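Could you build all of it, start to finish, from the sequences and the hints given here?
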Amino acid sequence: MSDRISRRTLLKGASAALALPLLDAMQPLRAATGVATSPTRFAFIYIPNGVVQDAWYPKSTGEAYDLPPALKSLATHKKHLTVITGMDRKFGGGTGVHAQAGACWLTSSSPDQPLDGGFPTNVSLDRMIANQVGRETMLPSLELSCNDHTNNKETKYFESISWYGPGHCANVEKNPRNVFRRLFGRPTGDPMYRSVLDVVLEDARALRGRLGRDDQRKVDEYLDSVRATETRIQNAEKAAARIATPPMDEPEGIPDRRDDYIRLMGELMVHAFRLDLTRVATLVIDPERWDTPRMYDGMFDKPQNHHVLTHTRGDDAKETLKKIDLFHMNMYAKLIGQMASIKEGDGTLLDHAAVTIGSGLGDGSVHDYGDLPVIIAGRAGGRLKTGQALRPKDEPLANLWLTLLQLSGGQVKRFADSTGPLKSVLA
Amino acid sequence: MTKLMPRESIYLAVALVVIAAVACHADDSYTKRILPLVDKYCVDCHDAAGGIKPKGGVDLFKFESADDVLAERAVWKKVLNAVRLHEMPPARKRAQPSDAERRIIVDWVTKALAKPSLGQHVDPGQPVMRRLTRLEYNNTVRDLLGLETDVFMFSERLPFNTDEYYRPQDGKLPDRLRVTVREYGSKYPVLLRQAGLPGDSKADHGFTNRGDVLNVSPLLLEKYVALAHEIMSHPDILTRADRLQEIFPNARFRAPTTRVAHRNEPRKPQIVTVTGKLATQNNVARTAKGSAYSLEAFRKRVAEAFAQDRGGVYDVSENSNTTIAGKGGLLQLSYGKNANRIIGVNPNEDLWNAAFATAVESSGDSLFTNRQKLQKKFFLQFQSVLHSRGVAEVGVVVLSRRGQSGKVRVGVEYYGNTGEGNVIEIDLAEGAGKDNTFVSFAAPDGVHIRNLTIDGSGFSGDYVLLDDLAFITRDPVPDGNAVVGRETPVVSGRELPKNADEPQPVSDTRPAIDKTIARRPPRERLAHFMSRAFRRPAKPAQVDLYLGIYNKATSSGANDESAMKAALRAVLCSPQFLFRVETPVANGRAGPTAGVRRLNDFELASRLSYFLWASMPDDELFKAAQSGQLRDEKELETQVRRMLRHRRSAELAESFAFQWLRLNELFGSKPDRGRFREFYGGTQSKYNKGGEMIAETLLLFETILAENRSIMELIDADYAYLNATLIRHYGMADHFSRELASLRRVDRRTGRSVEDNSQWVRVRLPDRRRGGVFTSGGVLTLTSLPLRTSPVYRGTWMAEAIFNRPPPPPPAMVEELGDDDEAFQEAGLTLRQKLEQHRSKPSCAGCHARIDPLGFALENFDPIGRWRTDYAKLPVDAKGELFGGRKYDGPVEFKDAILKRKNDFARAFTEHLLSYALGRKLEFFDVATVDAIVAKLEADGYRFETLIIEIVKSYPFRNTRN
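Each protein sequence line maps, in turn, to chains E and D.
Note that the numbering used here numbers the first sequence so that position 14 is 14, with each residue one more than the last.
Count along the second sequence from 1, then add 1000; that gives the number in the numbering used here.
Hints may be right or wrong, so weigh each one.
[Said to hold, decoys possible] Think about it this way: if two alpha-carbon atoms lie no more than 25 Å apart in a straight line, the pair counts; the simulated BS3-like pairs of lysine-lysine are:
1. E:K302 <-> D:K1373
2. D:K1053 <-> D:K1841
3. E:K318 <-> D:K1902
[Unchecked claim] Far from chain D, by Cβ distances over 12 Å, these chain E residues were calculated:
4. A55
5. E237
6. P246
7. Q338
No wet-lab data here; the hints were simulated from the structure.
In this text the structure is predicted, and so the values were computed from the model without any measurement.
For each residue, glycine too, the CB sits at the ideal point set by N, CA and C.
Structural data, given as structure tokens:
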């Protein structure tokens, strides 16, 4: 597994400005398959609290499977989908069960490695993939969240699924307007920014030498961030030269309706992919265990409390939960529909992507880490075999993540507690 | 501050704290006295021998000697807490140790935890480089630059006018206060309206300022870089940032002109200074047909009139979210030199200076409109108030809005000639800001405009949105020698600039600005700024580094101002600014030496200021640091007392208490709108009582803080600040009928007396069911579900906030429970019976036996905090037992039970506050510190100031690992 490649190496690798000699293990598989000339994009979308499994999980497997009721809005895209149910994760103990489900969904350390006060939050899959495919784009990756509550109620273990290393999470962007500006904002053309960044880098380096080990780690976070900013500004200038006008109007902020909000974030992600501003994105639809009532527009006329519902007895609660699942799948269908409608190279944008949606819990009512729901849409440039439902038995979810990491060019043999790649998803 | 300190004086001799060392190897007290107790009471469950998983993952069997204990003291901190609180052994099942036996364990473990763990030293805790939180960043930039407002809008800035009512310098909060609650998320005046930073997540069972939790990632750094740029390139930065007069020779700080009195305060005249710029945002699509002048032409006329002291434009943005009361409420627009001419605007209906989020949809971010929904027909009457001869020309912009369209009739009526005037009809097209229309009127010679009339009944929206009210008067054009308004203007017998009712500027004492610094060479100016920004004297090499930017800029042709701005930008991005750094002291060539060192004076000053103010030190604190005064305990105490009397200490309430009590969660509370209608303002209204509930709880905290009262009043106080809404909500309208009668104002429009919810009164509570934090509506609401109370949430809240013993997270498998207690009642069960039935699993029962009774004690309060004696059908059962056999029935006895062991709460509260002060989690080695503070606190009647002073004087606050 990639823990031989230290976090710092990985982060430095992400920064083109450094132009470090690349390790063999980090060489991208660019065009190695000979299939795709378009780059492959990876998205990971997180839904909290598991799903109502009997309505969500296909009854049969293989290519001839029937779409279950919860996935009915995906019908037109069935041939682009891989529905994978039955993979497992392990709960490491020592932390809240919900927090670990979300925070560690994508992390690369096995559950028995409590690196961060009980949380095995090592470098997450999206970042590892970004290290493979994100060096040429304006942003190595994009971290988004549709949690519009500004009262900072939750810890970072709920807010983010993307990790630079143990305890070091990526900030998520929640406001569509800020995402727009980050992607399409005109560079200020400010000649001084480079001097400013150079000076603070030098200041930080000098400071680092005077500090103890833990504080040095904090300065490293800072140094890495400055370098990434430098790269981004350079790349933004290039991108601006390429993209004359933004592909959409600047959003005014967070839309009132939740469906509009999620759709808008999805749209921004799609534009970022299409214009090759980034090749990796994560989107937290809602933090794990979210228990502030929310509107699921179009589904109910009053706010619903997703988490409380998962622990509520009775058929009413189940029916409500099914509708919430349906709501999320409708949003997902919209996103992949949009990607499927964009022509690119020999196919569509979706053909050159792997858009994964899933939850860190299988059955939310009992906090089950087993039997997890996952869907991948897109063929990743012809390398994924789509149009099938899989039900692996007793396989860790990490096997799927390992497969995706290898597919992005990562020459690694292990990911977290993986036992080997999930070959059945490959074309 | 600019003078650098001699290195020797910063370089402190390491202060050794040597605890009277008891030689461990010779200590057989463990085997003799403790081991037998452990064997008797603990190891039945806490034993990992034989491959069994010990309860709670705690194996006590393996500890065979004092050395074993010393090697794993974190475990023994848990033991201490559990034994002291009587959490362990579990009450029902196990034989209980006698009080004397508990004492033996507590004393022995306490001593063991206090022994040195860092060589010969007691560990003062690891220095963690702490990134500034969003709140601290804002406050630090504000104070560094000397801004009058926040830098940007952010959600930790609570929607209250704290700096108007919180005056700790008096040592007593007045019995009557004016507290206005803005809509959460509404806009308010700041330097940068569009900018911001992402919020900080709290630590698990901790605060947002915990160093280990605060990350920096590329997204955040990008924002710091962009923000620094925006701040320094703000067009008004040199006039709005007081302290920049020390850096830029050209800086001309403009003291704020008389401003709006109180938000939402209709009775006092509001005085607003107009500007000369009309519709500056270029968002006007057209001029209405029939308008007296085109926008272009009128813009020129107004600019000229403004320059000649005879007109101007009312810019709403400075006065967001105020109401101009209809009939009698008077918006006073001052114009002319020194703003000494005043024209009054008196609307016949309440108008609203709105700056709410939705305004963005229409134009800029401010506008004025009808206060009452659908009240779209109104007029504004002009009155000459001071040195004004009446209005001759008037212009206004009518704003279009998304999804709304239709006709708006704007007109004028002339003075003296009733019925005469002019009306222009504007047909607004749909679209946010797409059809903003300017319209202007000019009165014929010899008459004045008396009213500006608006009739939006043909418009499909609920509100007629207007902006940029421009007026030109009949005041004479001054000739070259005429001096307009030299005399001090007088309104109602009071001098305008010193209106006693006007709010004072945010800072209590405006620091003395040393403008002579601005005349010094660039290097010195920069060093001055950097030393304040870094909160310690900047080293010459550091100054050189940042001076490089200045030099580079000037050598490529930039002038002094823009070169200096570039350098300052970099300073605002420096790790030494963004982080609170405590640098280890190197020992000659050997580098940092392991051990303990006393913080240097500047480090200590920063710890103090971020603890008490969530901001950088002020000049006086810097001065005390520089002269070495903080090393003297007396001086340190003096500084603390001074700082607590400064209004900035309100951050202890708004940041510490707000997080401690989790009041932020009220902003997400959603009691069922059908069943708890009373919590809301109306079916469509965004208003709910949550904001006022937060205010009530914070006012209690602020009272205890400002008046140096006992922290036990947080549990049980016989007083509270309430407004009319809360008096009614709590069902105390009869008891407080006299107070209620006084919480009123006269509505000028109807002439009738109405309740005024911005007035708060300190009352003596009729009984002890209320008073204190956990019997206040806010806490009770935020711990409830939409349709029922949650004894589990409430119990968990109590365990965390009041006892600081958060229960472990629930196990992986949990059982289900219904979401509505009315449904349980149908089955003939109370929620409590339901929960007890439900808790049959032994794996759940252990924790819930501790958690749930804490919640049951509060079952007499419904999901929105109102008193009840029964559910709809069944009587409330609020009986329970607190650790150690303290039985209670209902909240009053519950308080008594807690107060029977005051030190449990004192310890928990001390731990919360110490953790906040240190910005780190507390460890086993802090137990002795906490115990010592609690002892002092107990001896001094648990007074708040004592607690704060003892924390500041404590070992971990003043020392650090090197």
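Tested hints:
no. : hint                : result
1   : E:K302 <-> D:K1373  : holds (23 Å)
2   : D:K1053 <-> D:K1841 : holds (18 Å)
3   : E:K318 <-> D:K1902  : violated (46 Å)
4   : A55                 : holds (17 Å)
5   : E237                : holds (14 Å)
6   : P246                : holds (17 Å)
7   : Q338                : holds (24 Å)
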